[in-house]
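Residue numbers (our numbering), protein chains in the order written: chain A, 1 to 183; chain B, 1 to 102.
Any given hint could be a false lead.
In silico lysine-lysine, DSSO-like type, Cα no more than 27 Å apart, as pairs [said to hold, decoys possible]:
#: 1; chain 1: B; residue 1: Lys89; chain 2: A; residue 2: Lys26
#: 2; chain 1: B; residue 1: Lys98; chain 2: A; residue 2: Lys97
#: 3; chain 1: B; residue 1: Lys87; chain 2: A; residue 2: Lys127
#: 4; chain 1: A; residue 1: Lys178; chain 2: B; residue 2: Lys98
#: 5; chain 1: A; residue 1: Lys26; chain 2: B; residue 2: Lys87
#: 6; chain 1: A; residue 1: Lys178; chain 2: B; residue 2: Lys89
#: 7; chain 1: B; residue 1: Lys87; chain 2: A; residue 2: Lys178
I should point out that these hints are in silico values taken from the structure, not numbers from a laboratory.
Predicted, not measured: the structure shown is a model, and the values here were computed from it.
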Amino acid sequence: MSLVRVLFYLMSFIAIASALYAASTKNLVRSIFVFFVTLFALAGLYVLALADFVAVTQVVIYVGGILVLILFAFMLSGKETLDVMQQQKGKFLSLAKLPAILLSVAFFIVLINVIIKADADNLTWVKDAINLKNTIAPNDVMIDNIGVNLMTRYLLPFEAISILLLMALVGAAHLSRKEGSKA
Amino acid sequence: MITLTDFMIVSAVLFCTGLYMIVSKQNAIQILIGIELILNAAILNMVAFGKYDRVNNGGQIFALFAIVLAAATTAVALAIILNVYRKYKTIDPGRIDKLRDE
Numbered sequence: 001m002s003l004v005r006v007l008f009y010l011m012s013f014i015a016i017a018s019a020l021y022a023a024s025t026k027n028l029v030r031s032i033f034v035f036f037v038t039l040f041a042l043a044g045l046y047v048l049a050l051a052d053f054v055a056v057t058q059v060v061i062y063v064g065g066i067l068v069l070i071l072f073a074f075m076l077s078g079k080e081t082l083d084v085m086q087q088q089k090g091k092f093l094s095l096a097k098l099p100a101i102l103l104s105v106a107f108f109i110v111l112i113n114v115i116i117k118a119d120a121d122n123l124t125w126v127k128d129a130i131n132l133k134n135t136i137a138p139n140d141v142m143i144d145n146i147g148v149n150l151m152t153r154y155l156l157p158f159e160a161i162s163i164l165l166l167m168a169l170v171g172a173a174h175l176s177r178k179e180g181s182k183a
Numbered sequence: 001m002i003t004l005t006d007f008m009i010v011s012a013v014l015f016c017t018g019l020y021m022i023v024s025k026q027n028a029i030q031i032l033i034g035i036e037l038i039l040n041a042a043i044l045n046m047v048a049f050g051k052y053d054r055v056n057n058g059g060q061i062f063a064l065f066a067i068v069l070a071a072a073t074t075a076v077a078l079a080i081i082l083n084v085y086r087k088y089k090t091i092d093p094g095r096i097d098k099l100r101d102e
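This is chain A alone, in the form it adopts within the complex (with noise of 0.2 Å):
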């Protein structure tokens, strides 16, 4: 077994299992930081898909922005929704949360029937692509490749999601002011 692999099989694992500890705790506070441990893990699994500008990504936009602001809304939102939460009763297999359960086992049945189905490592693109060495291999730098196609050919959706983002950005201001303050 390569090393690549056992690095494949310990961060799925730490992102599977630290995964199913934030669906399962109670806490809401120790459910975000495992998230953290969750983002960290599939970083390192995009790095093992050899995108490693996507990971850096990952860490800095996931990690850095969107837990620090899920934790500034928690805490925000005071000590009282703390104490509901602390009281919750119910274990992880009560009987309210058996449909959720069933759903996603379904759901997950299904998933793998397809992914097993689909054999994506024999579709013909797939194989048109190792083919043509149109891969990235180990070695190569793809980020002045990411870039100049960035600036080139996906421009268009490159200049939608910058107004997208602007506008979420402003809406978001807008609608967390405070009620007195119109100004």
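Once you have looked at the hints, place chain B on chain A.
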């Protein structure tokens, strides 16, 4: 070498965990974490397939777009959650049941 199927199975597990969180949690912030998990599962798939597109980098670039979209979603969702908390003093989506103002 790691195959595409391995990545897809990991992402399927993450997706189902996120689905479970969205359906079962009584707390808007944990539902948001579930949505983030689902988005990350999708990004993992895109990145895994992007390995076979060296010239155009389609998978990786759209993974970057998805990360930016997730940031925008989170900002707006958290602003909404803060407002809801201010009005209802709770962030349990099951107890937010009035459409009009008081």
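Hints not upheld, ascending by number: Hint 3 contradicted; others consistent.
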